[in-house]
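> The listed protein sequences correspond, in order, to chains A and B. Okay, so the first sequence: first residue is 10 according to this note's numbering, each after it adds one. Okay, so the second sequence: first residue is 6 according to this note's numbering, each after it adds one.
Treat each hint with caution, since some may be false.
[As the list claims (entries may be wrong)] Here are the simulated DSS-like cross-link-like pairs (lysine-lysine), alpha carbons at most 25 Å apart as the crow flies:
1) K287(A) - K326(B)
2) K434(A) - K486(B)
3) K464(B) - K287(A)
4) K255(B) - K407(B)
5) K420(B) - K295(A)
6) K286(A) - K326(B)
7) K505(B) - K286(A)
8) K434(A) - K242(B)
9) K300(B) - K393(A)
10) K295(A) - K464(B)
11) K241(B) - K456(A)
12) K393(A) - K297(B)
13) K242(B) - K456(A)
14) K297(B) - K452(A)
15) K75(B) - K166(B)
16) K407(B) - K482(B)
17) K456(A) - K326(B)
18) K420(B) - K52(A)
19) K241(B) - K434(A)
20) K393(A) - K407(B)
21) K326(B) - K285(A)
22) K326(B) - K277(A)
23) K349(A) - K407(B)
24) K436(A) - K241(B)
25) K339(B) - K319(A)
26) K472(A) - K241(B)
27) K226(A) - K122(A)
28) K297(B) - K349(A)
29) K407(B) - K300(A)
30) K300(B) - K452(A)
31) K295(A) - K326(B)
32) K295(A) - K360(B)
33) K420(B) - K300(A)
34) K297(B) - K456(A)
Don't read these hints as lab results, they were simulated from the structure. Note that the structure is predicted; figures quoted are calculated from it, not measured.
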Amino acid sequence: MPTITFSLKDCQQLIGKKITFEHVESMLRNAKAELTINGDEIKAELGDTNLPYLWSVEGIARYCKNNLQLPNNVLHLEPSSQNIIVEKSVKTIRPWIAGFSAEGPALSDAFLKQMIQFQEKFCESYGRRRQKIAIGLYPSEHIAFPITYTAVAPESITFIPLGMQRQLSLKQILEQHSKGKEYAWILEGMKTYPLLKDAKQQVLSFPPIINAEKIGKLEIGMKHIFFEATGTDEEAVNLAAVIFAYAFAERGYKVMALQLIQEKEKLKTPRIEWEKKKISPAEIEKLLGVKLKEQEIASLLIRSGYQYAKGVVSIPPYRTDVLHAVDIIEDIAIVYDFNKIPEQQLATATIGSAQHIVSTIDTARDLMVGLGFQEILSPFLSNKGILTNNMQSTEEVVEIDNVMSETYSAVRNSLLPILLELLSKNKHVSYPQKVFEQGIATKRDRKVIADHELLTGLTTHEKANYTEIRQVLDFVLNMMGVAYQIKEATHPSFLQGRAGKILVQGKEIGFLGEIHPQVLENFNIEMPVAGFEIDIQGLEE
Amino acid sequence: MIQKLHPLERKILPFLKSGITLTQLQESSGMKQEEILRAMHWLENKEVLTTQRTMTKHILLASNGVAYQKNGLPERRMLQALATAPMTIAEVSKKASLNQQEVGISLGVLKNKQAIIMEQGSMQLSEQGKALLKQQFDEEKLLKKLVTPITWDVLSASESKAAESLLRRKDIVMITEKTEITITLTQLGEKLSRQKINAEFLDTITPTMLQNGSWKGKEFRAYDVESNVPRIVAGKKHHYRFFLDEMRKKFLSFGFAECEGPVVENEFWDMDALFMPQFHSARDIHQGYAIKEPKYDDTLSKEVVKRVKAAHEHGFGTGSKGWRYEFDTTRTAKYILRTQDTAISARTLASKDLKIPGKYFQMSRCFRYDVIDATHLSDFNQVGGFVVEENINFGHLKALLKMFAEEFAETDQIKIVPGYFPFTEPSAELFAKHPDLGWIELGGSGMFRPELVKPLVGKDVPVIAWGLGIDRIAMFKLGLKDIRSLFSHDLEFLRECRVK
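When you get a sec, could you build the whole thing from the sequences and use the hints?
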């Protein structure tokens, strides 16, 4: 979720009206943003990761103006004779580029800060850490058009990158410059690297890494600016240019389109398209349950930043998040006000039903409580040391690959180790201790992973033994009407000769016995423990 | 009242009167001191009497004092030995059987009283000495009186002077300080002490008593039922599990059917089937735990993957543009730990058992890639579900959310505000005004996107989806501050934690 900051005063100037912070806040809440203010500085947490045009004050001002029905600065793309030559060599490494030139008032501190902030947030999250999209801004006075977007060998060219004083090759930049080291992963394995240079062979930048110190440094007061975005996704690259073009228009700049010359093809950039979508009052009623007149729909749409004529909605070019009519209808509903939509009761009767196994689970739990056992609820995540090493077990477990903490690095495959761990933490608490847990454990047999609903009980005190836990198990199974047999068996966590497997219709459903002293030592427990574990599914059949 | 008294209280009661002391009570009742003290303490709590503690100083005989009381003080014995004739020190000590120390002290005392005259190694009585033969010393008088210890305060001036002089000598007398308790009966106490006490109150009900009917016609002692008794450790359900049980019951009563899904989920059901694009940053917020082995689920139905892939790529004929990228069919099978319970909703929607109209819910454990603290767990429970029915809309969603708020937060004051979820449009967040906590976020909701519904169900039908933040609800219902206490392993805490 991106968080941006901007000045309330700057925002008021862009809106052209001195509206209060509270007013801005209430409007932006509809755009799923949460605002706080400190002096003049507003901090906005933007909940909708699909609306990047709101990640700068210019977009926020446009949103507010639409909402307040104030006139917007319309974006007119002026033609220009400036070209970007796109060489074939970039096709396989970073194929797309978009850009424009802007001319206007001296660049203000506020606008420069917003552009830098936007570029960071947008390229980091939406641009997948610059891999998908990277942005460059340049003072255009010193640029000799046409610009060439090309791919070159890593050591074939040198230039002075921003923030340094000496010439470095592209390879050296990746090795030595802080930005180079940060983003080198994007170019890993590539034989050539992308490069932007002008007609005089001056390097503009090494996208997506760094601009050139000489002609790639934007400063306050500059009036002529060149913008470019490069990346791997044509639509996303164009979106970046569109959002910036609108921001410049909002600030009163003249924005000029450029020509992309690719082989024999000539294309205008940025592509400003108001996509059309048909929408009917019936569709709106179907989703919202509200009957709206066409006039009302038109007004709600315009207040949401759309254009509307005769059943056709025009979608602003920066709203690439609109995929379906439902996206537009949500905007209508928000401006209409959720509170005004009447509640309707669900009228169709349906029959409630729990998972079939729940009844067996709850009966077993009730019986355990009746036997004086305290129910436990534990995390599903544990670790291999506890689940297998401590239990002297060689069973496979589901292990986490991207571990956050060693304590939680595997999914539990049994509840016995989980409850033994609990006992080890409660040695100071009065005995006897009788605990049980019912819950899911996830077992793995090579490639097959399966969840099991288990019931596990442990008793511990000076005289805890096989007989006691057998009595508990007998009571639970007999009261549930389960026909079972106990057969002596070997289990690495139980003491040999004092352990048995539980069979129902010849099928093994669990184990009981006295926990092996070595296992107790592994858990640092100094009190005898007897326990059982059964698979509830085995009681169902 | 009398019936409620403990046997000890009843035993002491007839001996009580205002002004009586513990010592006196011990004599008169013949009870042990600790018995009297316990009974007095209980009676004081019942406002039958008040007690006053006083410290008293007593003088009593020490070891030499006991002998001197019988045989006379050494100075008296020396005086008497000299009554007949002058003697040397050796002679007199032999005659009066005094040890060397006693001789020294006696000489000092008698010299002081000017009772003896020393002449050339021999001593004899003076006139004063002869007179003293017929008089008792103050010290002797006191010694005689000390058959029992005497309260210091009652000594006369001469007695206390004598006492002080004896205290300076070895082991004749000593001082003890004793705390005495004096009783004053309250009005209730006066009344009670005059009542005739039936000593035949029965205490424990015994089987013999019941068999032979000996209890008949007798009264049972009443207990102080209001006083605290020792705690017992018993079996009980876990507080959070109990809360989840109650929640399930509610959903069943609303007509919802319960669904389930696996803990180790694949990206397909967890995210792709929910129309969350594989490239999108929205997936960051659902970032989950990948597993080591096996990496991929090879049991996924190719048919449903094909439909979801088509929805991602170009909208699957729903009127949507789709996300317009190449869907990765390898990545979709990648195993992760379930990040959201909506994965189960997706599975249910795609199931051949889906009923339209239908109401479904799930209660499941989900996992978040997060650092654990007082408000975050990597392991948490989610409750969510959906309602599918032709001709339902956002108005029905609002009514449903209101019902949830009433049932789970006990309020009808709710706010439904725009929210963002990658799989719903419109999306709404539910806030409820809890009587004590103010506005709290209860959950999220929305209408599932057509690009999600059509590939799974096979047709476009309205689906209201919702999820509730139950950890939060459980915490305020159970009065817990730290989210970790929901899965606590502190047995002392678990034994004491209330279930409801």
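> Now tell me if each hint is right for this structure.
Do the hints match the structure? See the list:
For the hint linking K287(A) to K326(B), the alpha-carbon distance of about 13 Å falls within 25 Å, and the restraint holds. At roughly 22 Å between alpha-carbon atoms, K434(A) and K486(B) fall within 25 Å of each other, so this suggested pair holds. A threshold of 25 Å between alpha carbons decides the hint, and for K464(B) with K287(A) the separation of about 21 Å falls inside it, so the pair holds. Under the criterion of a C-alpha separation no larger than 25 Å, the hint pairing K255(B) with K407(B) is consistent with the structure, at around 15 Å.
Straight-line distance between C-alpha atoms of K420(B) and K295(A) comes to about 23 Å, which keeps the hinted pair within the 25 Å bound. Of the supplied pair hints, the one linking K286(A) and K326(B) holds, its CA atoms being roughly 11 Å apart against a limit of 25 Å. Distance restraint check for K505(B) and K286(A): the Cα-Cα separation of roughly 53 Å exceeds the 25 Å cut-off, and the hinted pair is therefore not satisfied. For the given pair, K434(A) sits about 20 Å from K242(B) by alpha-carbon distance, which is consistent with the 25 Å threshold.
Straight-line distance between C-alpha atoms of K300(B) and K393(A) comes to about 18 Å, which keeps the hinted pair within the 25 Å bound. Of the pairs offered as hints, the one joining K295(A) and K464(B) holds, with about 16 Å between alpha carbons and a cut-off of 25 Å not exceeded. The straight-line distance between the Cα atoms of K241(B) and K456(A) is roughly 38 Å, outside the 25 Å bound, and the hint therefore fails. Annotation: proposed proximity of K393(A) to K297(B) holds, straight-line Cα distance about 12 Å (limit 25 Å).
Note on K242(B) and K456(A): the hinted pairing is violated, with a Cα-Cα distance of about 36 Å set against a maximum of 25 Å. Between the alpha carbons of K297(B) and K452(A) the distance comes to roughly 14 Å, so the proposed pair stays at or under 25 Å and holds. This hinted pair checks out: K75(B) and K166(B) have alpha carbons roughly 22 Å apart, not beyond 25 Å. In summary, the hint linking K407(B) to K482(B) is supported, as the alpha carbons are separated by about 19 Å, within the 25 Å threshold.
For the suggested pair K456(A) and K326(B), the alpha carbons sit about 37 Å apart, so the restraint of at most 25 Å is broken. Our distance criterion of 25 Å between C-alpha atoms is met by K420(B) and K52(A), whose separation comes to about 23 Å. Taking the CA atoms of K241(B) and K434(A), the gap is about 20 Å. The hint holds against a cut of 25 Å. A C-alpha spacing of about 45 Å is found between K393(A) and K407(B), which places the hinted pair above 25 Å, so the restraint is violated.
A hinted pair counts as satisfied when its Cα atoms are at most 25 Å apart, and K326(B) with K285(A) qualifies at roughly 12 Å. Taking the CA atoms of K326(B) and K277(A), the gap is near 23 Å; set against the 25 Å cutoff, the hint holds. As the CA atoms of K349(A) and K407(B) are separated by approximately 14 Å, the hinted pair is consistent with the 25 Å bound. A hinted pair counts as satisfied when its Cα atoms are at most 25 Å apart, and K436(A) with K241(B) qualifies at roughly 20 Å.
Of the supplied pair hints, the one linking K339(B) and K319(A) is violated, its CA atoms being roughly 47 Å apart against a limit of 25 Å. A distance of roughly 22 Å separates the Cα atoms of K472(A) and K241(B); the hinted pair therefore holds under the 25 Å criterion. For the suggested pair K226(A) and K122(A), the alpha carbons sit about 14 Å apart, so the restraint of at most 25 Å is met. As the CA atoms of K297(B) and K349(A) are separated by approximately 50 Å, the hinted pair breaks the 25 Å bound.
Between the alpha carbons of K407(B) and K300(A) the distance comes to roughly 22 Å, so the proposed pair stays at or under 25 Å and holds. Taking the CA atoms of K300(B) and K452(A), the gap is near 15 Å; set against the 25 Å cutoff, the hint holds. Pair hint K295(A) plus K326(B) holds up; C-alpha atoms about 21 Å apart against a cutoff of 25 Å. Taking the CA atoms of K295(A) and K360(B), the gap is near 21 Å; set against the 25 Å cutoff, the hint holds.
Our distance criterion of 25 Å between C-alpha atoms is met by K420(B) and K300(A), whose separation comes to about 23 Å. Note on K297(B) and K456(A): the hinted pairing holds, with a Cα-Cα distance of about 11 Å set against a maximum of 25 Å.
Hint compliance for this structure: hints 7, 11, 13, 17, 20, 25 and 28 are broken, all remaining hints hold.
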